[in-house]
Amino acid sequence: MTLLDMKKNQVAQIKGFLESSELQSRLVEMGILPGTEIRMIKRTPFNGPLEFKVRDYYVSVRKNDAAHIEIYS
Amino acid sequence: MKTDFNRFIALIGNPNSGKTALFNQLTGMHQKVSNYPGVTVDRKIGKLKLNNNQHIDLLDLPGTYSLTAESFDEQVVTEQVLHWLHSDEKPEVIISVVDASNLSRNLYLTSQVMDLGIPVVIALNMSDRTDEAKRIAEEDIKNMFGAEAAVYVSASQKTGIDALKSTLSFALRPHSANVNHAVKLSNISSITPLIQWLQSEFAYTEEAAIAQGLRLVTRNSTFKLYKNYFKKNNNALDYKLTKLESIVQQSRDAMEKKGISYKIIEATLRYHWLDKQLGSTENARVDKIKESSFSEKLDKVLTHQYMGPIIFVGILYFIFQTIFTFSSYPMEWIDSGVAAFGHSIHQMMSPGILRDLLVEGVIGGVGAILIFLPQILILVFFLAILEDTGYMARVVVMMDKFMTKVGLHGRSVLPLMSGFACAIPGVMATRTIDSWKERLITILIVPLISCSARLPVYAMLIGAFIPSEKVSGIFGLQGLVLVFMYFLGTATALVIAKIFSRFITLKSHSNFVMELPPYRVPLLRSTLYQVYQRARGFLTDAGKIILAISIVLWFLASFPKVQHQETGEMMTKIEASYAGQLGKKMEPFIAPLGFDWKIGIGLVTSFAAREVMVSTLSTIYNVEDGSGEMVNLSRALVNDTNEQTGKKTYSILTALSLLVFYVFAAQCMATFAIVKKETNSWKWPLIMTGYMTSLAYFASLLVFQGGKILGIGG
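Chains as they are written, first to last, in the numbering used here: chain G, 1 to 73; chain L, 1 to 714.
One chain only, chain L, in its complex shape (with noise of 0.2 Å):
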């Protein structure tokens, strides 16, 4: 266990309350970030630089409802405060964030916060959203408690921020006095043996031994969760959890025979306490449901019966035509700016390798994707606005009919939509769904969900090989293709995970609560923020793995040198190099799919990134030209000609059948990794890696072989 940490505040708060946006103001955006985005569905870190210049560690939290765990990024709360229970390392004070247009049901949770002993600041977000006059004073609500301070804040409209940072400072003055503890719960007296048990065997104040009492006693999940903790940090008591488990059941049988439901024990004592102390009596709480928010309204039609579903259909086909007909001017900028760089070092550098190995191989393969940036941040920026305007939660509704019919949970939405942008947070964001197994075949499909990274590949194959015209005189073809390819991979992902749901045996409870949050407008910082951080880890992509492998398939590429047959001067000859050589023993086994030798070295260096391809044929067209031009990919994979046959080399059949086979593969070395370490084991990668490779090599022979059949591309 570690014992040195650093001291730090922690955040705690509902889901949606404006948790991280209130996390990214106080840290000015400093937090440490992943190389994707939205990995965290887990801890996040943040320097926090207070009034008075002290800077403090600031640990933001998956948002929850209670502190119990029903899904997976819950229980990461629920272990953390247990572990602030059980040991040294807690946090200073907790910031309880409230959103403060929805008061009794967060405020739930700040009374949970309250009985952990430690200083607590309610920061009342989104005051924006209330109404200034008939909100309840701060001083109110900090009595109410016993907080240390409750303050007024908009994270999203930066108001209230630095009177926050003033009452942490405050709050962390040293201080020897314990918790003014104000939530007073009553009734109790049939647990009163397991609090006192608690209190003498772990040490916990009278609070904290009442408040994991009652949680011990309503969920199950309380138990396994004391379980697992003992387990982990090796002082494990067997007869500590035999007695515990027996003095719960007691308490549950003691609770019974008075007649009281001990399932729903604590939240009907903690909202009893704070329903009275709102003043929130029977025609108050009517008044409010019969309020009917913008959002209801919005809803009427938004999500209707029947026009919903046509709605959400509609804005994905808008979002992937966008993609196409949006991101062709910006594209032709990178792909002359690209070229001419090129031609530019080549005319300042003297011939010989370090030239050749620089034009051809780091400016050909790392500009050939750079082409597709703007596309990716086309896609991801759709994504992003979708959900940060409230609209995802209601597709996860809709949706969530649809869902259990092939397996999966309405949850199971948010992972493959973010899918689209990389399977790598799609399958974090599986987390929220709390059956396992719905959860583990979502896990399963995602990497199905075609991802920006296969948006380069679509997009040069179909910029190349299908004509750009229009159908019935309005949709492009060009884009209808690029819109069917990722159809393919989500209906694909939807029968799979029906067969799996048969094969897949696991008790499975599926549970569906889904709160849906107000309407708003995006917060425009945000979502570029999300732009930028995908844009920055594409770069980032492109500078480490493409450039590596551009160079290492550079060499491949260029040596042996071979001797012209005329002249005895050394020349190039990719077919007999060592890349070339590898393409060519591959050949029996993907000829079948239309794929040749140059397609299949393609296939070996995309397991490092599926857009590889791309950059391996630019290097590889770069190479076999030698001229110093930069070579236009899409002209060079159209013009390619067999040297023996006089016929181009490639046909739509081929690109057709190429498609397909990136529909499905599963290259991508990174998902294999966070789906190794979402389910725990080597089993669930293996079986993912294995059925989406065959499904790819034989709807690629179909595709092929059949289109060969039918005469399809000569």
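Isolated chain G (complex conformation) (with noise of 0.2 Å):
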């Protein structure tokens, strides 16, 4: 499973990245890496990027870079 696979509101704890993974270095830097926990927020307009809370914050990412981080079910 992938942060692409969440419902809304859905809470789930972030297991690692696709070895892929061109973002990986930048999220792990905002505190996003394993072990963190990410609340699915919502889908944007014209099939946009995902939007995220994490930690304190409020983030968006887009959906082929979501699909590159998994989680655990």
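Just to be clear, a hint being listed does not mean it is correct.
To be verified - Within a straight-line C-alpha distance of at most 25 Å, the following computed BS3-like cross-link-like pairs (lysine-lysine) qualify:
(1) G:K15 to L:K584
(2) L:K290 to G:K42
(3) G:K7 to L:K300
(4) L:K677 to G:K63
(5) L:K257 to G:K15
(6) L:K227 to G:K63
(7) G:K15 to L:K288
(8) G:K8 to L:K297
(9) G:K7 to L:K401
(10) L:K227 to L:K677
(11) L:K437 to L:K498
(12) L:K507 to G:K63
FYI, nobody ran anything at the bench for these hints, they're computed from the structure. Everything numeric in this text was worked out from a predicted model, so none of it was measured.
Combine the two chains into a complex, taking the hints into account.
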């Protein structure tokens, strides 16, 4: 399962990044790393980025990047 | 390299941690400001006055999540930090600005800053957003990091500023003691050789060597940073770099053997340490992310999947309609004020060249531009509000998919929106786009966005030639035409972006991570300050460029004088003047677009700045009139009659053609200069000017000739 599979308001814990994730170095600096909990907030218009809440803030990432982040089911 | 420098304090913090607000509080807004608003995505220096009347420089840097660089504005910070490590020019104290309502992520950067071996004061900003009862004590945070002090402040509410200043005075005391370093990272044995090498070759402290070592292993960009730094500072020791590269590779190999992912090692170790210090357990974190903030609820409407885009378009439409309706009163006041002023000067002075120059050249030219100040300020005001409320960040997210489709990036939205005010801050704002290809394309199309300098030209032509009537009872026709001009520029910009993205063959790794800051009531003070800066910039421009051009133009339009055929008196005949001759020479090229020699003169002068077109025409008509009464430009344009044919010189078709020309044409030297600087080449600004000029010429040709065939405007 990846972030892409999460439903609205679902809470999950991050398991890790797929090797091909280009974004992992940036995301971990922002505190989005294996073991961190994350809540899916919403999808945005035009099939755009997904919005999540992590730690104390809201962040949005593109769908194909979300598909590179694995969660514990 | 600069060797003499003032002692200084530096501000480092996450994007949106309120760093600049704090900078303004500490310096009392006496910072160096540029002629253009928002031009400093760069370093900013101000004077900080401490409580004991001591003064010291304060350096503001762009926001960053980490001391590794991804985008160009972050590079400014990482280059700066590397320089501090490798030279004597380093801050006395670093203020680590932290958003207290978002502690763990912000303190990550603080833990990196601690490793530099420079005394740190932690400013826990936005304290007004935190619950005082649940706060971690200042003392605990100070000890957690071994900082000089930690202080809760609120730059927006102006609280804690004095306390911060006293801790700064304390931290500045002469003391030999090393920084009391409390950040401890574990499990770094895989990079021990790298750490030892950095310590021996660069004389780093142990902490700095660990930190830089981790960063070198984590990111390739860090190695590039070293390479560039050595190149720039002329002590490039190739063998050191080669050695460094190979040790970094060995460390990575050692980590992979142990099954450690080197790409995330620094963050993993730091957050592990940080979460433990903050007592942030799994349960606590889950509780936090389950909290639904006010902004989250508001976003259910504002960024709703279907309603969101509609609301955005509605807001834009409202802004542009308001520009036309709200500004009409102040514009009338300025208009009659300028006319009265010109009239009284005319009365006061005796006839002669000086009077003509003042009334026709200076007051005529500068006055015609001043009228449009209210419209420009209303536009700048609304743009500042959109940004300050936090709405702009949402627009970036909403538009990302669309922007990607035309070869841009979600973050291109802000530069393009800034472009409505002025292309220069727009081009600067592209620094936040980390992919060079998308950044370059954004730079090339920002000048197509109708900036506020075009507004006077639009407003002049629309006011003169478009009837002020209502369409379907509610929409003003003039406002609609204005909105259409903005739409035309924007839509074309997007099409051009798509074309460029096909032809520019650069590799690009496009990333998108966008933090959504909480909504807030805009700080009126800072919004008004932006408006004030734009007004000041506009008035200095009017005072310098427009004044100079108006004077030169007045001479060129007034001389040589010709002898009146009947009376024998010497008189001004613009067509025979130097300016007139120039315009006449241009006519063969611009006549197919519907432009005559007067507009031709304006096209030449507006290369200095677009709005000069308005002052140029005003000066020409005032010289031609010569009565001393200020000429109303709109009326003069509409009533201008061809002496031979007796027909009106300008039809609505000429106006439309000229409008379209101004939408596309690249008439701005300052934009050329900034594009040259940001792309570091002559190639791209020349390509930009070339494509925009051809676009303008052919679009105007199409409008005028097409309109003639259709029989519009006679």
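Cross-check of the supplied hints:
1. With a C-alpha separation of about 74 Å, the suggested pair G:K15 and L:K584 falls outside the 25 Å cut-off, and the hint is violated.
2. The hinted pair formed by L:K290 and G:K42 meets the criterion: a straight-line CA distance of about 14 Å does not exceed 25 Å.
3. Annotation: proposed proximity of G:K7 to L:K300 holds, straight-line Cα distance about 16 Å (limit 25 Å).
4. Our distance criterion of 25 Å between C-alpha atoms is broken by L:K677 and G:K63, whose separation comes to about 35 Å.
5. Of the supplied pair hints, the one linking L:K257 and G:K15 holds, its CA atoms being roughly 20 Å apart against a limit of 25 Å.
6. A threshold of 25 Å between alpha carbons decides the hint, and for L:K227 with G:K63 the separation of about 35 Å lies outside it, so the pair is violated.
7. For the hint pairing G:K15 with L:K288, the CA-to-CA distance comes to about 19 Å; that is within 25 Å, so the pair holds.
8. Taking the CA atoms of G:K8 and L:K297, the gap is near 14 Å; set against the 25 Å cutoff, the hint holds.
9. This hinted pair checks out: G:K7 and L:K401 have alpha carbons roughly 20 Å apart, not beyond 25 Å.
10. Note on L:K227 and L:K677: the hinted pairing holds, with a Cα-Cα distance of about 22 Å set against a maximum of 25 Å.
11. Distance hint between L:K437 and L:K498 is fulfilled; the C-alpha atoms sit about 12 Å from each other, no more than 25 Å.
12. Proposed proximity of L:K507 and G:K63 is supported: the alpha carbons are some 21 Å apart, at most 25 Å.
Checked against the numbered hints given earlier, this structure breaks hints 1, 4 and 6; the rest are met.
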